[in-house]
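Engineer: Each chain, written out:
There are 2 protein chains.
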Amino acid sequence: MTSKLLIKNGTVITMNDDNDILDSTDVLIENDTIKSVSPAITEPGDDLKIIAGDGKVVIPGLINLHNHAAMSLFRSYADDYPLMEWLEKKIFPAEAKLTEEDVYWGTSLALLEMIRGGTTTFVDMYYYMDETARACLDGGIRAVLSQVFIGVNSSEGYNSLQDAIKFVENWQDQAGGRIITILGPHAPYTCPPEFLKRVLKETEHIKTPIHIHLSESRHEVHESIEKHGKTPVALMNDLGMFERPVLAAHCVHLTDEDIDILASKGVGISHNPGSNLKLGNGIAPLKKLLDKGAKVGLGTDGAASNNNLDMFEEIRLSSLLQKGLYENPTYITAHEAFSLATRGGAEALKMNNLGVIKEGAKADIAILDFNKPHLQPHNNPVANIVYSASASDVETVIVDGKLLFEKGTFLTLDEEKIYFEATRCAKRLRQ
Amino acid sequence: MTSKLLIKNGTVITMNDDNDILDSTDVLIENDTIKSVSPAITEPGDDLKIIAGDGKVVIPGLINLHNHAAMSLFRSYADDYPLMEWLEKKIFPAEAKLTEEDVYWGTSLALLEMIRGGTTTFVDMYYYMDETARACLDGGIRAVLSQVFIGVNSSEGYNSLQDAIKFVENWQDQAGGRIITILGPHAPYTCPPEFLKRVLKETEHIKTPIHIHLSESRHEVHESIEKHGKTPVALMNDLGMFERPVLAAHCVHLTDEDIDILASKGVGISHNPGSNLKLGNGIAPLKKLLDKGAKVGLGTDGAASNNNLDMFEEIRLSSLLQKGLYENPTYITAHEAFSLATRGGAEALKMNNLGVIKEGAKADIAILDFNKPHLQPHNNPVANIVYSASASDVETVIVDGKLLFEKGTFLTLDEEKIYFEATRCAKRLRQ
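If you're matching them up, the sequences are chains A and B in order.
Just so you know, we're using the working numbering here: the first sequence kicks off at -16 and counts up by one.
Just so you know, we're using the working numbering here: the second sequence kicks off at -16 and counts up by one.
If you're looking for bench data, these hints aren't it; they were derived computationally from the structure.
There may be inaccurate statements among the hints.
Claimed, not checked - Capping the alpha-carbon separation at 25 Å, the derived lysine-lysine pairs in DSS-like fashion look like this:
| # | chain 1 | residue 1 | chain 2 | residue 2 |
| --- | --- | --- | --- | --- |
| 1 | B | K390 | A | K390 |
| 2 | A | K80 | A | K410 |
| 3 | B | K390 | A | K400 |
| 4 | A | K341 | A | K18 |
| 5 | A | K213 | A | K180 |
| 6 | A | K390 | B | K400 |
| 7 | B | K400 | B | K80 |
Bound conformation, chain A alone (with noise of 0.2 Å):
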């Protein structure tokens, strides 16, 4: 049977070529895609469903490019520490405890989170990977997971990478598409060149794009220039990484040489700024990376660094950042900034139909309520978005056509349940 959605009478920020931005428009949905975006739909059936959209904003769902959604159990456990007293200390014996249920209840809280706030497609990089699926398989959400794998001691590393890899067999396009997995190679501080190496060989045969933190930290970009010779980036493309598809997360620390390699290769990057300013990473260089054509989109990383998953954060931050770092308030603007989310985000897991809403795209899209008072008065509809508005502010999405969030109700995920069980669950792994 033919599923439909009407959305009726919405301004429609389209994020098509054109960039344009429709007053009292339509959007008609069948099945997992949008038919068409027009004024004045008429469209006959009684199983149609409509949503009123006056008075409302409707754009393309947010897509966040980096998350490790189950941390979500470690929000507030541990801020404000060193780095690597925060990790050795707090999260690390953390994870030690962890059990296939933590991740599945805190893969569930941040897919609560994330729906409530407008993201639609997510980018995932954890433990317990299959836990992580099927709570997505639940709850509706478009997912790009990766189990994540280290190469520090060679055996160790194959028989993880050896798990990855089934994980990405079991669970590639899965529920109609709308989850896909990659490869996760944690990062090349923790994955040494020759484990990297071996990577690329085993996995010849699978086509999935790799995932991998890169250049997150100045420690690591002057410990690789001390073991290596080059910075995380050279090294990466010297080993042929590059040529295959690659999301790289972070990209804090870069040269001018390495923001070249990343334009020209076409790496598809997560610029995660909230984690970078509180994991006191610093402020990534943006708006070079962008001058160059690098694809970048935008990620929250996962809740004990930032510490929400509120993706319109990250669009204001990745705004007024480059504007206040560089001292120049024309850097970086709304729709720049609102692109990244979408387009952007689209674009570095290239995924083209996702991140707009036209005719043929996926089926993603969020409502936000405008009538609010940090939302008025209407004097630009992107700008409100990227400079006032709030995961609060979302009030309908649809993925893959369903929709799975209206009016402060969760369709898919029982609210109350999931708070219990990660209650639960944050309970035991910080005692």
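Using the hints provided, position chain B relative to the given structure of chain A.
Structural biologist: Frame of chain A; chain B shown alone:
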């Protein structure tokens, strides 16, 4: 008649001298004052209003130290422009059309936003301040108001100073002390030294503090050194301005000597990180200021340069920016950041009965609903507020013992009417 409010069973973040965070605690309010903070208060009286605090977090109302409230009409009217073009081609021409009713409705819109976001006291500086004061009288918020004046032309400057003095005399301590007035010379670069000396002399008889923009942009500091051979802070100090209570807005570009002066003279500082980023002014040395013992609170600045009045964002930025800028995640802890928006603001204003929940303090309180995905699990309530919360998490707001906002409803302001009138005013101004 005594009016009584009892908040039952909340988690109370007191910000008292012991920084107590009290679970399952009650707060009893009588008229405009907090009478008791204790578990299981039983209070007779048919006229007692009870607010259930179970699962809620009770905080001191937030203090916004720098605003131009009526500029909410210009929210997203002009973004991403170079500073001088923004001012001269967009803001000044629009402001030239301002009328008294614009200021009333623009302020009212800002009051909706501030009250909705848990702000209970704000400092303002703008034109037609009688209208701002009237809006505050109607809205019930606590306000510290100054009619701005500039002294580039000495006779006009003198007249506008007299108007500002008249405003002080008319409105000081109105609404039972809820409305307070101060003097608002715009900035050292618009008020030359001779004029500032005159201001000090003419206002010796009124005891009000002075609110002034100070060292906001790099350009302003360069120009001051060129013209006067000293920084704006040193110039103010040499003129004797700091012998009076001063609240200085911005303080972004400071020398070490400037920081020493501000700290030793006890100058109140409004740190406005969002506006400073957005206008491309930079990042203030907050950590250094606090290390020297300066009296710092937080402000949003007007909505034309922020673009919202969400104090939770300023709290979060105050911490994240210092961590990122200095690449040190231990800088500005959650407690320190929250303190800036509560006790810090009160100390900068030298109003020590604000920003704290304790017996005898003013009954200015916000209650947050933590039953939201981004505030779960409850590992640490202060960190949850600082690193995850936003204005929309505020459920109830009390100022001077009176309920202004409760579960989505404004009790003193007509939300729909204000949207209508503010939209009408904004349309005319941007034509």
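Engineer: Next, verify each hint and record whether it holds.
Structural biologist: Each hint, compared with the structure:
A hinted pair counts as satisfied when its Cα atoms are at most 25 Å apart, and B/K390 with A/K390 qualifies at roughly 16 Å. Between A/K80 and A/K410, the direct Cα distance comes to roughly 12 Å. Compliance with the 25 Å bound is thereby established for this hinted pair. For the given pair, B/K390 sits about 23 Å from A/K400 by alpha-carbon distance, which is consistent with the 25 Å threshold. Under the criterion of a C-alpha separation no larger than 25 Å, the hint pairing A/K341 with A/K18 is consistent with the structure, at around 8 Å.
With a C-alpha separation of about 17 Å, the suggested pairing of A/K213 with A/K180 holds against the 25 Å cut-off. This hinted pair checks out: A/K390 and B/K400 have alpha carbons roughly 23 Å apart, not beyond 25 Å. Proposed proximity of B/K400 and B/K80 is supported: the alpha carbons are some 22 Å apart, at most 25 Å.
Comparing the model with each earlier hint shows no violations; every hint is respected.
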